[in-house]
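A.B. asks: Could you put together the complete structure from these sequences and hints?
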Amino acid sequence: MKKSVGIVTKFNGYCVFCGRPTEEEHHLLFGNGIRELAEKDGIKVPVCSYCHTQNPIAQRVHDNAMAEKLSKIAGQLAWEKHCVASGKTEDEARTEFLYRYGRSYL
1 MKKSVGIVTK FNGYCVFCGR PTEEEHHLLF GNGIRELAEK DGIKVPVCSY CHTQNPIAQR
61 VHDNAMAEKL SKIAGQLAWE KHCVASGKTE DEARTEFLYR YGRSYL
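Heads up: the sequence shown is residues 1 to 106, going by the working numbering.
These aren't lab readings, by the way, just hints derived from the structure by calculation. Any given hint could be a false lead.
To be verified - Straight-line distance between alpha carbons at most 25 Å, and here's what the computed BS3-like set of lysine-lysine pairs gives:
1) LYS40 to LYS81
2) LYS40 to LYS88
3) LYS40 to LYS10
4) LYS88 to LYS10
5) LYS81 to LYS69
6) LYS81 to LYS10
7) LYS69 to LYS10
8) LYS69 to LYS40
C.D. replies: Here it is, written out as structure tokens:
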């Protein structure tokens, strides 16, 4: 993919979970070198540090298995949506995601 998706929300500066001003970004795709690709592709959302890592486990993104799975699904969907908006078919977008990230989270 030539052009970066960019931050996945237009509300940059506000936490996507609670609406507080943000200090951090959460990469929707991460693990085993994938985070670096997500950084290049802009597959991330703004978050406050409380929702990112400081809440109790059930209420934060990191170390919460369900939130991490949902992050990866949302990241793949955002990446594929960007590909389709650039003129690819849905099948082409899925194939390109698999090639770039090595697996599907859907």
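A.B. asks: With reference to the structure, classify each hint as holding or not holding.
C.D. replies: Here is how each hint holds up against the structure:
Restraint check for LYS40 and LYS81: satisfied, since their Cα atoms lie roughly 17 Å apart, inside the 25 Å limit. Between LYS40 and LYS88, the direct Cα distance comes to roughly 20 Å. Compliance with the 25 Å bound is thereby established for this hinted pair. Between the alpha carbons of LYS40 and LYS10 the distance comes to roughly 18 Å, so the proposed pair stays at or under 25 Å and holds. At roughly 23 Å between alpha-carbon atoms, LYS88 and LYS10 fall within 25 Å of each other, so this suggested pair holds.
Distance hint between LYS81 and LYS69 is fulfilled; the C-alpha atoms sit about 18 Å from each other, no more than 25 Å. Taking the CA atoms of LYS81 and LYS10, the gap is about 15 Å. The hint holds against a cut of 25 Å. Restraint check for LYS69 and LYS10: satisfied, since their Cα atoms lie roughly 22 Å apart, inside the 25 Å limit. As the CA atoms of LYS69 and LYS40 are separated by approximately 21 Å, the hinted pair is consistent with the 25 Å bound.
Violated hints for the displayed structure: none, as all numbered hints are satisfied.
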